[in-house]
Structure formats: structure tokens, C-alpha cells
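Let the sequences and hints guide you as you build the complete structure.
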Amino acid sequence: MRSLLDILDFSTDELSSLMNRANDMISHPEFYRHVCDGRQLATLFFEPSTRTRLSFESAMLALGGRVLTVTGSDSSSMAKGESLADTARTVSCYADIIAMRHPLEGAARVAAESATIPVINAGDGGHCHPTQTLADLFTIYREKGTFENLTVGLCGDLMYGRTVHSLIAALSRYPGVNFILISPVELQIPDYVRFSLLEKGIPFEETTSLEDALPRLDILYMTRIQQERFDDHSLYLALKDSYILTPNKMTLAHPEMAILHPLPRVNEISPDIDKDPRACYFKQVYNGKMMRMALIIELLFGKSQPQPGTPPLYLNRLCSNPHCVTRFEYGLIPSFYAVKGEKDTYRCRYCDHLAET
Amino acid sequence: MRSLLDILDFSTDELSSLMNRANDMISHPEFYRHVCDGRQLATLFFEPSTRTRLSFESAMLALGGRVLTVTGSDSSSMAKGESLADTARTVSCYADIIAMRHPLEGAARVAAESATIPVINAGDGGHCHPTQTLADLFTIYREKGTFENLTVGLCGDLMYGRTVHSLIAALSRYPGVNFILISPVELQIPDYVRFSLLEKGIPFEETTSLEDALPRLDILYMTRIQQERFDDHSLYLALKDSYILTPNKMTLAHPEMAILHPLPRVNEISPDIDKDPRACYFKQVYNGKMMRMALIIELLFGKSQPQPGTPPLYLNRLCSNPHCVTRFEYGLIPSFYAVKGEKDTYRCRYCDHLAET
Amino acid sequence: MRSLLDILDFSTDELSSLMNRANDMISHPEFYRHVCDGRQLATLFFEPSTRTRLSFESAMLALGGRVLTVTGSDSSSMAKGESLADTARTVSCYADIIAMRHPLEGAARVAAESATIPVINAGDGGHCHPTQTLADLFTIYREKGTFENLTVGLCGDLMYGRTVHSLIAALSRYPGVNFILISPVELQIPDYVRFSLLEKGIPFEETTSLEDALPRLDILYMTRIQQERFDDHSLYLALKDSYILTPNKMTLAHPEMAILHPLPRVNEISPDIDKDPRACYFKQVYNGKMMRMALIIELLFGKSQPQPGTPPLYLNRLCSNPHCVTRFEYGLIPSFYAVKGEKDTYRCRYCDHLAET
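If you're matching them up, the sequences are chains C, D and G in order.
Just so you know, we're using this note's numbering here: the first sequence kicks off at 985 and counts up by one.
Just so you know, we're using this note's numbering here: the second sequence kicks off at 985 and counts up by one.
Just so you know, we're using this note's numbering here: the third sequence kicks off at 985 and counts up by one.
Think of the hints as simulated: they come from the structure by calculation, not from any bench.
The reader is advised that the hints may include incorrect statements.
[Unchecked claim] Derived CB-CB ranges, DEER-like:
#, chain 1, residue 1, chain 2, residue 2, range
1, D, Pro1290, G, Pro1296, 38 to 44 Å
2, D, Asn1251, C, Asn1251, 33 to 39 Å
3, D, Pro1013, G, Tyr1314, 31 to 37 Å
4, C, Asn1251, D, Arg1301, 32 to 38 Å
5, C, Leu1302, G, Glu1340, 56 to 62 Å
[Said to hold, decoys possible] Stretch-level coverage of chain C by chain D, calculated; a stretch enters the list once three of its residues show a Cβ under 8 Å from a Cβ in chain D:
#, stretch
6, 1042–1049
7, 1240–1250
Ideal placement from N, C-alpha and C gives every residue a C-beta, glycine not left out.
Below, the structure is given as C-alpha cells:
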């Protein structure tokens, strides 16, 4: 039995296989309408994320399955006084697969360790949201036919956006990809992402100018810049318009460039661009549903096994992350893994933050 | 592709066709059990209305379809920071048809303009609620076999009750209908409804006495009188009992008169009347489900096209209605239509209120 | 047509028949996958109880039926200004069967009296929760093959736990059952339960020591002790650990003893026990789903009729219970029944509390 907690849980071969299946679903929807007859997906959303929930539910229903929904005030009643492990074990008695969203980082792993059915991480705090990355990858693949030798621009808040970090990690496994990282200085990628790119020898450049980058991009991945990230309000005002994609700026872009956005957008892409054939963000929504369908089939019926991980280290230390699930889950003992090439460095098995020293 | 935003979007022929189909469903439910297999209805309720939502969901399930539900705290998360247009476009990637309830007037039209699937207005603020009118019309039709030459009494709050205005507009298209409008002076029909009746030459009278009207009615449509509508509390106390329908008052009514009520009732119809064969308000609930089933089939599979409307006028003015969706929706430019016979009068294409001067 | 409001509504023969069907479902799930095709269950949860709701919904979906869900803020909108009787009658127009949870005691009976479809009580305040007892009974039956001659230990809060009272009442109908009641003195069973056991001549003993009782038990039914039940906090501290089931204490128990718990647990059973083959509380969750499936089939398709009850007595008195539904439901006249053997004693037909004198 297998779960999806982090996009890197799946090898590039496994991702190819998922994308092939999603393509086949688009060509032959009639073959898939009853694949999940009699199966139930439980969507456990301890934090609201309506688009993600609908995408999962719509995917399961399109496969002929049924859905059990836990959300809103319901989820707070479930959370109250019961461990996540018990909740996951209980829901395993009702459903065949779980998609879980939770504000604590590492929550999906706790659920997966206790559940007797597959668990899909539909977002655990600021940690991972792998099915968004599935949607992003499949959109790039459908638009470009390949991941190799692409110039990918990522624009906006590159510091806090987990979808950006996850997409960088996923694309870094394909040869010839290079990144142009477009952001205000305040919102550049975190050091650990930069070090990882350097270590793997992946070409990237950092710039503050969307206009400069645009002509060179195969893919433009837009994200939202949030006002509250800036200490200096006048700086925010100065910057905010420079990252709004307008028809005027689009004249600088290649006629085949694809625009992606994880949505919801606020105003960072002008609605006037929606009819531009390069706008792929609503296709991306559809592609996300298709990949979730492929994923549900894989986890319910696939033969693949998770790769054996490194054994957990019990260090008698706490995780340094205040939002880590290990700080809140009753009866859970923190455990860690060693980091290759970093001596005496241990990261939390649940949220990947450093162990406290 | 077609949506239902206002009851007048459908011609009387189209309404007849819907009612014929609903009748056929009642006679031959077995023919309809799988009509919507593989189709999904999204109920987007940005404001709670549990009865209406259940009616839509039950209708879709009875047709073999599936349901995606957005409601409560979930809907507030969806509303937050995303335009209604983007929400409708996103949900179009997941579902085949949308039923939407929203507190802003005109919201359903905004969604329909952006969605790539049919949109049913399940209530947009105080503006329209056409599927309630479908339930009302079908109940009258089933009880009386015709709309022609009926004397229809409408009782209670005739000023603010949108179901009343919508029913008057819908019935005014049938020959021989006449209205007896029973209400306190404070809660008489608004001027625009009165002018419209006069203009069309439809007979109506206004009275404050339910007892006087009762003997002459074929249909009695009851609504609730809300205490908060009265400036003068003693007046409210004096009036409130006179509009409560009791078994005693029912002795004045014709033995074939049908009592309708949009529900929920509070105390304006005594529970003692529920067993009177003239009480049709629970039948009306059932009829509402049947009409929603017929409507879903029509919008998903029907060949009819919307009638070409008048082109939008962009006047560089605002809508005068503080609850109009054009005042809140990001990127939406207000547009208007000219009113026949009223020189220099323009109404909002979304909520039908006047343009600001 | 039949409803389930109280576990004693079903005779022991009827319970056997339900359990036989549940067993058959476990052996031959394929025979039941489409039993409820085209049927709809409405889950009306006016108070959150996510586990119970999921169990019902999962049960209905596994039978091929569909589900309408009312919960959270939705339910508060439904409750507002409409009588429970009207709500139940309205939902009868949409669904084929109702499972209702409500904070008021007796609420399920009010719904059942007005609904035109079967109503299952999924918990009415502190009054009844009969489907939990179905799960408990079926688990005992599957583990032990019989109810006869069992020694059943009930541990924890025996005063306020309605599942405990209901299980005692249900088991008291089988020959040879005896009880060991393990609780702090403050949380012993209420007098009416004790009198009932004495009256029926059922052997029981009361003890404060879990360790003393453990070696003699066939069944251990654990419940949670809530801190807020104690006036004396130091007493709570002294007691709380003595009722936590640990691997160490389990060495005292019979190798075939079955541990049950209605869940959620907080810390009264150590997670280390979950892998002990005697731990049956997650099986109990699964068994609860199976019994709900059997119950839905019985109520939708069974031929059995409710036993004629005693006629209601209208005494022109109120029920003494401040949480009784008769104190809140518009238009409901309190009614009572006489208590056998107790002269001039009347109990409320809705919540079973005494009439005010």
C-alpha cells in the first residue's frame, strides 16, 4: 500500500506513468467511468481549501466512486480531543482512500502511518502540496511535450510559496531545465532551495524584472505577492504593479510561452489575458483533476510499493518547527533522518525542519 | 448553452414543456433514473439556504448524477480574494452544471457570463429566485390544470417578498389571471409591480382583509410577515393575527382552493391545517424537486438557445443598488439596458435596479 | 413504516435478525452493493458528530444509495425559525430515510412523528444513541458468539455515559449476563439503572478497582472520565491514572477478553494496546458501519411493524427536563406515559424524564 505525501515520493518514471494514464483518460473517458465503482474517498479538510477539495471529489466521482466529506465546523469537532492517528484509523473503517488537508506540517505523514488505506497529502501547512505540483507538471508536459531543456520562469513570492519550491524540486530531476527566478529582493527563494540548485549544477538566474525575463521563457509560473510580506509599505507600492501581467507585457513574450498560476489569483494576471491562447491556468485546473484521477487509480489499484526509506532516528530531541505536527499529536515520538553531506544535521521525518539542538 | 437566471428567461411555451416533463417524471420515474449518469452538479451556496440546496441535490441524485457541495465556512474561503468570475470558471473544470446562491444581486449573471457550463440562479440576494417560482407554477398547474382565469390571492408581505413579485410576473403572462393582493398598507406591492399590472391591463385589487378575500380565491399564496418591517410595533401586534390562517378562517374558503407557501413557515399557517386537503405547501416542496429535475435535464441536454438580449450599454455610471454585484466584483464593468417606454431610463443588466444619475 | 429511536424499540429477535444480516454482508458484500440504488439518506446533524455521520453515510454509499448532508452552519440555518416537525416533513419530500442528530432530548421522536419516511436517532442530547449500542452489541456477538453468561465490565464514567446505560439495558434482556461496574464513587451508575438491575434480578457488583475486576471479565467496555465531572480536583488527579488501560494492566486480563470503547478516546487506553489482539475498538467502528447498513435495509424494506405503544397521556403538565424538545418545539403538546408499578408517576414520551408535579 502506498501514499503520496511529497512529490519526490514518486520517481520521474512513476510520474510519467501517471501522466500517461491522465492522457489516456482525456482520450478515452468512457474506459474510466466505473473504475472506482463501490469505492469511497474521504476528503478530510481540517483547514478550508475548497478548490482542492472539489478537485479531489470531482475526480473520484468521475471515476464512479463516492465521496465522504469532512470540512468546516465538522472537522473541528473531529479534531477535538482525538489524535490524528485515531482519526485516520477510524476513517479507514469507512473509506478506501483519504485526501487530507491539515494546518500542521507533517500531519499527512502521521495519518499515513496509522491509516490502513492510502493517504494523499492535500496540503499540510506550509510543508507540501504534491497534487498541485502534479497539476503543474502535467500542464507543462501537455503544453510543451517534454520537460527537457525548458526555460522556466517563476514570478512573485518565491520565498513563501510552497508550490514554487515543490515545482523547482520536481523539475530539477529533468535534464536541461533552467530557471529564471523573478521576484522582489525581499521575496527571493530561500537559501536551502538556492543551495540545492547550486549543488545539482542546475542553471538559474535571479532577477527583479519580469520584462527582462519574459522574452526568454518557455513557461511563466505566476504567483501572488502578498502585501503583508513587506515591512516597507512604500516598497510594496513601488513593486506591486511591476509583477502584474498585462496584455502589454505579453507582447514581450514568446508566442508559444505558457502562463501557469496555481490560483486563486487576485490581480496579478489581468483578466484581459484570459483569452490569450498562452493563458493555461484554467487548463491547469482541469489537468489537476485528471492527475488526481490518475493518482487515485494508482494508489487504489497500482502494484508499486514505496521505496524503503531510511530508518527513523529517535534522538530525544524536538523538531525546531513550531507548526510541526510532532508538537501537537498525542503519543507521537519525534523522529529524524540524517542529511547526506551535512555532518550532525538531522531533519524531522514529518516536516523536514531541523532538529532542535 | 443556456442558464436560468430569471423566471422570465423562459417563455410560457418553455415552461409548459418543463412542466410536461416533470409530469412525465412523476408518472414514469424509472425512465429518468440514469439520465444524468456521470454528470456532476455543483451547488455553490455562498449564503445558507438548506432547503433549496437539498432540493437541487436530491433532484440531481434522483437523475443518477452526482453532487459537489460548497457551503458554509467553505464558501467563505472560496469567496475570499477570488472574483466570482474566476470561481465560476474554475468550477466549470469540475462540474457539468452549477446551482448558485449568493447574497449579492446579479451574482448569478456574473457567474453565468464566465462559466463554460449552465448556471442556475438559486437566489441572488433580494433579486431573483426562479426555481421557487417553478415550484409555485407547477403546484398551481397540478392543482388546477390550468393557469387561465384563476383568481390568485397573495397574502402577507407583498413589498419585500421576491417570490411574490416573481410569481406575479410569471402568472401575468397567462390570459384571465387576476390577483387579490392581501397585505397591511405598510407592506403593499411596490409601485413598479403595480404599474406593470396596470400597464398590462391585468385585473387586481388590494385589500387588508384576508377574510373578505378568501371566498373568492382559487389559489391562496401565503407569506410571512416579519415584525421588523413595522415602525409601529402596536400596529404589528394589531395586524399579525389577522394574517394567520386557521381552520376557522378556512371555513370561508372554497372547497377546492389551494393553499401555497414558499416555506419555511413560522406561525402564519396553523399546523392544524396541514391535514386539510387544500394544504398544498408540502406538495409544493415535492413539486419543486420535480421541476428542478426537469430544469437540469433541459439545461444539460436541451436544444433551446437563449433569446438574444439587448446589447449591453456601457454608460460610465454606477448601479444605484448598494447590494449589486457590480459594486463588489473585481474587474466587472457595470452595464445597463434601456427601459421600453421610459425615456432616458437605464437599468442594471445584473440586478435590474436603476443606473445612478 | 418504522423508525429506530431507542435500542429497546427492537426486540432481541429483531436484533438477532439485524446481526445475521450484518454477518451476511461481511461474508457476501457483493450481494448488497446495489440494494439501495436510487435511494437517498439524509443525514441531519444539528450538532456535530463527524464519526457517526461518516458511519451512516459510508453505510448508505456501500449499499449503492446516495446521501444528502446537512451539518454545521447549514443546520443552524435550517433550525432557525422552522419547527423540527416541518423540517422532517420537508426532508421527507427529498429523501427516503433520515438519520438525525440533535442536541434536544426527544428530538428524534418529534421528527419521526411528522416525517413520512423512517427516522433513525443518531443521538438526541443525553437521551439515546441506539446505533452506537448496535455497534457495541454486534462487536460482543462477533467476539464471543453469544450474549449469554457473559461477565461484562463497564469502566469509567458510568453516571453520565448514555452509551453505558443503553448497553446495560440492551444486555439485560439476555440470560446469564452479569455486570461489574468499575468507576469512581462520584461516577457510579444512576439510581434508576441500579433499581432496574435489582428489579430484574440481574447480578452486578460495583467496584472502584479496574485491577480487581480485570481477571474476571469477558468484555471490558471502557469510557472516558472527564475532569469537569469532579468537584474535587485532587480526587480527579488521584483517580485518573487508575482507569488508564496499559499493557501492564492487560497482563491481568483473560487472554480472550475483548476491549471495547465507543471512541473517541483521549488517553484512557494507551496506544500501545492497539496491537493487542484483544483490542476491539477499531473493529467496533467497522461493525457499527455494518449494523447501520443492516438497519437501513430493515427500515427501508423490512416488513416488521412497530409494536403498538401505550396511548399518550395529555396531562396539562410540562416535562421536568430543561433539555426536552417539548420545551422548544413550536406547537408540540407535551404528552406522557404511566410507569408500571409506580403509582402516579408519569414520564415524558419524548425524553423519558418525569413530568413536573
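Status of each hint after checking the structure:
1. Restraint check, D/Pro1290 to G/Pro1296: a C-beta distance of roughly 56 Å breaks the suggested window 38 to 44 Å.
2. Between D/Asn1251 and C/Asn1251 the Cβ separation comes to about 49 Å, which falls outside the hinted range of 33 to 39 Å.
3. Look at D/Pro1013 against G/Tyr1314: about 34 Å separates their beta carbons, and that is inside 31 to 37 Å.
4. Remark: the range hint 32 to 38 Å for C/Asn1251 to D/Arg1301 is contradicted by a beta-carbon distance near 24 Å.
5. Our hint of 56 to 62 Å for C/Leu1302 and G/Glu1340 holds, since their Cβ atoms are close to 57 Å apart.
6. Interface restraint, the stretch 1042–1049 of chain C with chain D: holds (3 residues with C-beta to C-beta distance below 8 Å; minimum three).
7. With 4 residues carrying a beta carbon less than 8 Å from a beta carbon of chain D, the stretch 1240–1250 of chain C meets the three-residue requirement, and the given coverage holds.
Of the hints listed earlier, those the structure fails to meet are numbers 1, 2 and 4, in rising order.
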